[in-house]
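Combine the two chains into a complex, taking the hints into account.
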Amino acid sequence: MASQEKITVYNLADLKNTSDDALTNYLTSLKFTQSHRLTDVRLALGYSAFLLSAACFLWDYKLGFESTKYLTAAAVAVYTILNSALTFWIFYVEKGTVYEGTSPSKSTKIKVSTKTNKNEPVYHVTVEVEDLKSKGGKKRDVLTISRPFADWFDAAGRFVAQPFQTALATGVPAIGEVDVKRVAAVTKKEEVGGAAAGYTPELLEALANAGAVGGEGDASGIDAKKGGKRRKA
Amino acid sequence: MLSSLGSPRQAAAQLMNFGLILSTAFMMWKGLSVITDSPSPIVVVLSGSMEPAFQRGDLLLLWNRNVIEETSVGEIVVYNVQGKDIPIVHRIIRKFGTGPEAKLLTKGDNNPADDTELYAAGQDYLNRKDIIGSVVGYIPFVGYVTIMLSEHPWMKTAMLGIMGLVVVLQRE
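Line by line, the protein sequences give chains A and B. Read in UniProt numbering, the first sequence has 204 at position 204, and its numbers run on one by one without any break. Read in UniProt numbering, the second sequence has 105 at position 105, and its numbers run on one by one without any break.
Honestly, the hints are just simulated from the structure, not real lab data. Heads up, a few of these hints could be off.
[Unchecked claim] Sample of chain B residues with no beta-carbon within 10 angstroms of chain A, all distances over it, derived:
no. : residue
1   : V44
2   : L46
3   : S49
4   : A53
5   : R56
6   : L59
7   : R65
8   : N66
9   : K95
10  : G97
11  : L118
12  : R128
13  : V136
14  : K156
15  : L165
16  : V167
[Stated by the list, open to error] Here are a few chain A residues that face chain B, going by a calculated C-beta distance under 7 angstroms:
no. : residue
17  : T39
18  : L43
19  : G46
20  : F50
21  : S53
22  : F65
23  : T72
24  : A73
25  : V76
26  : Y79
Think of the CB as a built atom: it goes at the ideal place given N, C-alpha and C, for glycine as much as any other residue.
Bound conformation, chain B alone (with noise of 0.2 angstroms):
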């Protein structure tokens, strides 16, 4: 099997062939960040906050240009808060003010409160840059794949093995 690798340039070509698999899907994914304007344009609904319309594992489509109309009160949004890395998919209720300085408070469709204990301490609403995109589309379950595999780190790795192995040890 190893005779496969033969001379440095075929090894070097089949090395690049794996690299250029993940290279690409990478390059796909920043080609979408760019076009929506959104550094995670599609995002994995993690909890039941805002049950009926999505649960957990639903995949989520998001668009972050306001080309048309200012993102408004009823919109669901994905957003960021400042100093905590877990994008929280909730709706706009309230917006005072307009343009990026707009004040905007969210709250989860399912949650009997509010966001504002969600946000970081001292924050009492967002901002326009908070917001990561707003829903524009979406899968149900199919984001049950990643919750699998952000839950058990393991498989991660285990899958990009197999599928790094395949690659090179297989030509065409």
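Extracted from the complex, chain A is given alone in its bound form (with noise of 0.2 angstroms):
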């Protein structure tokens, strides 16, 4: 899969597709139910849209200009309308978003969406976690996490799953609770640091399963390289 292949480091696009494309296999794997609402509307408007002016290119091109004249004019503004539509809803519904579900467990949904500036080798994930189960009002929450895709690059542009996952699994609680492994790895690290951002219940809970987990996860030797590195500092 993505590891197998190689990228070119210097180009943006491809660290972000192939990022996108490793975060919702991850994210499948966890078995989060995908949900495909805003591609499925993107490609409805967007396919209405191109059979519209097929339709009208056939009509044109069978029955002449000055006979379907009013009928062109018609699926001209149609067309427009759709498009219109189909703009406003990439950039204004979309927004990046690159992966939309439900946790395995049916409590929260999250909408995670990405994003990179110009000229800059970080990605910026954005998570719009919903918690389901919680009565009175929906509560929402908005994560962020900005990362350098070096974090899981290598130099000849193969993708490395483990510190991908881990970054997200860490950063969004309601990952890290289906996928306690790849925050436990993380605990031992900014125990070691002494960094400590932003901690949520979630994440505490999290964390403390983590403890438990997380020898098991070091003996298992499921990251030799990181774990070396750890005994050393």
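Here it is in structure tokens:
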């Protein structure tokens, strides 16, 4: 898969696309249920616009301009509307969303959007978390993670899944809850570095769970390279 | 490279992007047609019959609505001869009558004789409906691209193919 394939590390679009695909794959592997609502609406808008223009082309080709003038005018108007709706949908509704889905326990709904800024190899991830279980109005949380791509691409341009997944699992409690192992790997690092940023109750809970699993993770040597570094520190 | 065509939805989205580029170009053309009321609002001069006004390769912008006044003598118009597919750019030199039934005679500025010989057999004059627009503006030389493309049809195919490949294989 992606880890076998090398990309050009100077190509920001490649970095982003590979990471976006990996993000979807990761969440799918965690048994998140993906919702394709946004993509489907976009495809529906786009294809209906395209079919309309194809039909317009056909009647223009068969019947000529003069006899189909008003129909063509209507088609142009409808096409403009559909295309504007599509543009609106992409810029104001999708806003760079690459994943939308519910957690395996059906307790949270997450919406992940990513973006990069020109000439800056940093992956900006925004996660909207919606708590489906909470009573009395929906609880919505917005989390942001910004990490350099160098964290999960090696110099040759190969994607390395582990640090990528760790960044997500640690940064987003809703993911961390499901993939405790990945959070565990970071807990130790943060203890060493003494960096404790923005703990939420969910994260603390996840961290508590992580303690038990952490030893196991180290022993099984999931990440021998990282483990070695940690011991040195 | 083919892995960029990941899931069916991603592939469909990329195909759609390519389709939308073509259809948007087509619909913009049709929109211009509707606004100018001309089946072909932009034409390229193919011959030197209107020199020195227009040369081969000039791009002409047409307008086919008589909002203020009728199409009259002295105007340069583009017309289609019945049964022939090539539009001709010439000047109106005579006009008899008014309204849609007016009889019009055209001539190229650079031609020694008027256009009666160019018209279809048995046709001695043009009607307003034969005209697809009056010239309201022009851009020199730009049209040479389309002359090249129509004289060497393989260029068209190649250009379309390259465009398609680029759009499909490159995201963003």
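We went through each hint and held it up to the structure:
no.: 1; hint: V44; verdict: holds, 18 angstroms
no.: 2; hint: L46; verdict: holds, 20 angstroms
no.: 3; hint: S49; verdict: holds, 25 angstroms
no.: 4; hint: A53; verdict: holds, 26 angstroms
no.: 5; hint: R56; verdict: holds, 26 angstroms
no.: 6; hint: L59; verdict: holds, 20 angstroms
no.: 7; hint: R65; verdict: holds, 12 angstroms
no.: 8; hint: N66; verdict: holds, 16 angstroms
no.: 9; hint: K95; verdict: holds, 22 angstroms
no.: 10; hint: G97; verdict: holds, 22 angstroms
no.: 11; hint: L118; verdict: holds, 22 angstroms
no.: 12; hint: R128; verdict: holds, 12 angstroms
no.: 13; hint: V136; verdict: holds, 19 angstroms
no.: 14; hint: K156; verdict: holds, 16 angstroms
no.: 15; hint: L165; verdict: holds, 17 angstroms
no.: 16; hint: V167; verdict: holds, 13 angstroms
no.: 17; hint: T39; verdict: holds, 5 angstroms
no.: 18; hint: L43; verdict: holds, 6 angstroms
no.: 19; hint: G46; verdict: holds, 4 angstroms
no.: 20; hint: F50; verdict: holds, 4 angstroms
no.: 21; hint: S53; verdict: holds, 4 angstroms
no.: 22; hint: F65; verdict: holds, 3 angstroms
no.: 23; hint: T72; verdict: holds, 6 angstroms
no.: 24; hint: A73; verdict: holds, 4 angstroms
no.: 25; hint: V76; verdict: holds, 5 angstroms
no.: 26; hint: Y79; verdict: holds, 5 angstroms
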